[in-house]
Amino acid sequence: MTESKEALLRQVDGLLDLARRSRRLSPTLSQESDRQRLDRHAAELEESASRIEGEAASAKTMNVARTTGLRAMDNR
14 MTESKEALLR QVDGLLDLAR RSRRLSPTLS QESDRQRLDR HAAELEESAS
64 RIEGEAASAK TMNVARTTGL RAMDNR
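Each residue of the sequence shown is one higher than the one before, counting from 14 in the numbering used here.
What the hints contain is simulated information worked out from the structure, not anything from laboratory work. Among the clues, some could well be false.
Derived CB-CB ranges, DEER-like [what the hints assert, rightly or not]:
#: 1; residue 1: 67; residue 2: 30; range: 11 to 21 Å
#: 2; residue 1: 48; residue 2: 17; range: 10 to 20 Å
#: 3; residue 1: 46; residue 2: 19; range: 30 to 40 Å
#: 4; residue 1: 45; residue 2: 19; range: 38 to 48 Å
#: 5; residue 1: 41; residue 2: 20; range: 31 to 41 Å
#: 6; residue 1: 71; residue 2: 43; range: 41 to 51 Å
Note that this is a predicted model, so its numbers are computed, not measured. Here a beta-carbon is modelled for each residue, glycine too, at the ideal position from N, C-alpha and C.
Throw the hints in and build the complete structure from the sequences for me.
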């Protein structure tokens, strides 16, 4: 089952939000090794977000017509 473009973009937003929070938290840690680990984690989150964003670029979008109850598929 493939995910819709909107669902993928919501994932991207969530991952980037976690990466931003990790980067903000990193300087507050007392151990350098913890700061480095959190920075690596943020970078991994950003890489995942970038990969998923690429998937979203080619994902199909499903629109549901509310008034008629019919479904229309874009990019099919």
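Under the constraints set out in the numbered hints, which ones does this structure not fulfil? 2
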